[in-house]
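Since chain E is already given, all that's left is putting chain A on it; use the hints.
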Amino acid sequence: MRETLFGSKKSGEVEKQEERSQQKSGVLAKQAEQRKGPEKRQSRSGRTYEVAKIVHPTETKDYVRSNTWAGLETVGTEEWVRAKLDRGEKYNGFTPTKRATLTNAEWMKLLHHVAVEVLILHQVGRDLKQVCYPRVDGAKTWRQTKAFDITSENGAPHVTSSAPQAPSMILQAVLEKPGSEQDQSSLAREVKEVIAMNMVVNSEASWMRTTLRDANIRFAITKRLVQLTGKRIPDVTISNATTLEDLFNAFKTKEQPKKLSQTEQLRGLAARVPNVKVSSKRHTPIDKEKQVGRWKLIEQELMARNLPVTGSRLPQAKARIDN
Amino acid sequence: MASKRISTPAKHLLGGFRHAYRHQQCRALTTESTPSPNATLAQTYHDAHLTSTPTEPILEADISPIPPATPSSPSTRPPPPQQYTPPRNPFIKPTHLTLHAFPTLEPTTYTTYPSTHLLLPLRKDILHRAIIYEADSTRQGSANTRWRDEVHGSGRKIRPQKGTGSARLGDKKSPMLKGGGVAFGPKPRDFSTGLQRAVYDLAWRTALSYRYARGELIVLEGQPAIPEKIHQDSRERWMRDLLRHHRMGHADGRTLFVTRYRSDSLWESLRGQKVYGVGQRKVKDTVGDSRDARALTVEEVDVKDLLELGRVAVEKGALERMLREHESDLTPTQKLGAWRRMMGGSAAAVVEEVYDFVGIGV
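Chains as they are written, first to last, in this note's numbering: chain E, 1 to 323; chain A, 1 to 362.
The following block holds chain E by itself, in its conformation from the complex (with noise of 0.2 Å):
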């Protein structure tokens, strides 16, 4: 009877084998799971999804029970929904995933090397398109046009090197049909070598202010720094600019003024309108007070009060009504 009610010692002994052993099948069978990987099957769509797990609290030891809803995947919305069906598709633009934030010399450096290309190809009459095509595999052309002078001549653009088969080498690299499309890690790696171009840069040098009354050359030189950078300019910018300097300008990372009185705007004000007044700081009574003279007075009887000079926030700063 007593066996049969609470189990004798064998069937107990039986029975905790039974479940070590089902234990270490379950463990087993997890571990030949995780070997093999979810099961795959294919929706009606055409779409394949990973069948999910089915856990149970019980049978896994690590599973902890979650209270509220943060990072756990909702299931069954609209947007759920949507998001499965979606095939993925990836976006390829023209400029690239990340705009490359650049000091002022390093948008000359890259500046003076783009006009050089273009210019090269202008001065052979190739189609200045072929600046923004792919280059030949391996092809370096910031090392040929770091040599480059750009000079006016007769008012176009000339570009002159000491090198005599540099102008060649640039040419060769640039492809005259597209072909492949454009690599963006190519693009990436073409700026950060320009950039680390050991090249002096000045923003007084002579090529920044060769004409550019061409607008075929503007529009090219723009459109490659666009391709390399992802900075875009606005058109009446390119179609006002006359020299490089113009573009530069609308490049380069403007200094924001700190205050709004050191904006343009502000600054010429005080010759514009004379009776207007534009200070740095809030005009408080004291400044009212030191524009007449009065407040080295006021400070010296307040000192000599023992009272305090500035500030409000003392309960006997300010007089009370006391009922």
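It cannot be assumed that every hint is accurate.
With a Cα cut of at most 20 Å, we get these calculated PhoX-like pairs of lysine-lysine [unchecked claim]:
hint, chain 1, residue 1, chain 2, residue 2
1, E, Lys90, A, Lys229
2, E, Lys84, A, Lys229
3, A, Lys93, A, Lys335
For the record, the hints were derived by calculation from the structure and aren't laboratory data.
Note that this is a predicted model, so its numbers are computed, not measured.
This is chain A only, laid out in the frame that chain E set:
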């Protein structure tokens, strides 16, 4: 006969027919010798030569010398009157506009437009007038109330004029009473106002110029359409990715696409969800207006739409249509078509010439 007359030069018409028919072949009745007095007509006819001989006209038309007309041979005929081409306006400066491919937004080429169309100065007052005019014409004007003559009820005087001690009252529909009519409440009416077409057109081009000056006008080469290879179910997310990549989405102020014709692929990729208040049904599937962008055709767009969102991405054909439809304030030679014909040649050459004229550049 008329043709003969036309071929007769003016000098002969004026100076008599002395030399007019000199070389014409005709049967002439005159002979070399004067006919004898007794010769019959038949004899004279027989003696006459078939080939014409130069004869002096009977009438000696010795008209006082009139200056002869200009030489009349075909080679020296005066040229036909040419169309008058007025001199080029030096104050209309051409400006460049970059065209982009869709969906890569690669700058492919550029075109020029005159400053009368895209470089107008900012006139906030004109823009304000145009927007108010548009808003007025958009008003439904359907607010309606019942006045005292429309409220249901009889006209019976509800209490005697005198003797009650209270104020005198007529019918129960008086606006002073609860349940009565509204005193001069709104009635359905037309709120539309007028605005001179020239002012409205100027406002339209001022709005486009404002966008252009700030670099917020992106012109697309052709009709923007999602490529076929992108699956229908992915298009909404793909469009959001495109806008985020180019900083044209919600975080950057949203974009308005303006096209000539409605493109289903673009409209459906901008599928928004308009959610109304608590307790009301969620209205789904507002096509062409999503959180990141809006799409409108050229016929649907107005000045307010052009100024509302962060930027305008307009198809070139749509931009041309807008500019040509809204240039009534310009003189015939300033209109887009006439300006282009006057400029002629390539845009680059035109720009160079203008720069030379104005004296910009070295």
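Cross-check of the supplied hints:
For the given pair, lysine 90 of chain E sits about 11 Å from lysine 229 of chain A by alpha-carbon distance, which is consistent with the 20 Å threshold. Only pairs whose Cα atoms come within 20 Å are accepted, and lysine 84 of chain E paired with lysine 229 of chain A is accepted, the gap being roughly 18 Å. For the proposed pair lysine 93 of chain A and lysine 335 of chain A, the alpha carbon gap of about 14 Å is at most 20 Å, so the pair holds.
Checked against the numbered hints given earlier, the structure satisfies every one of them.
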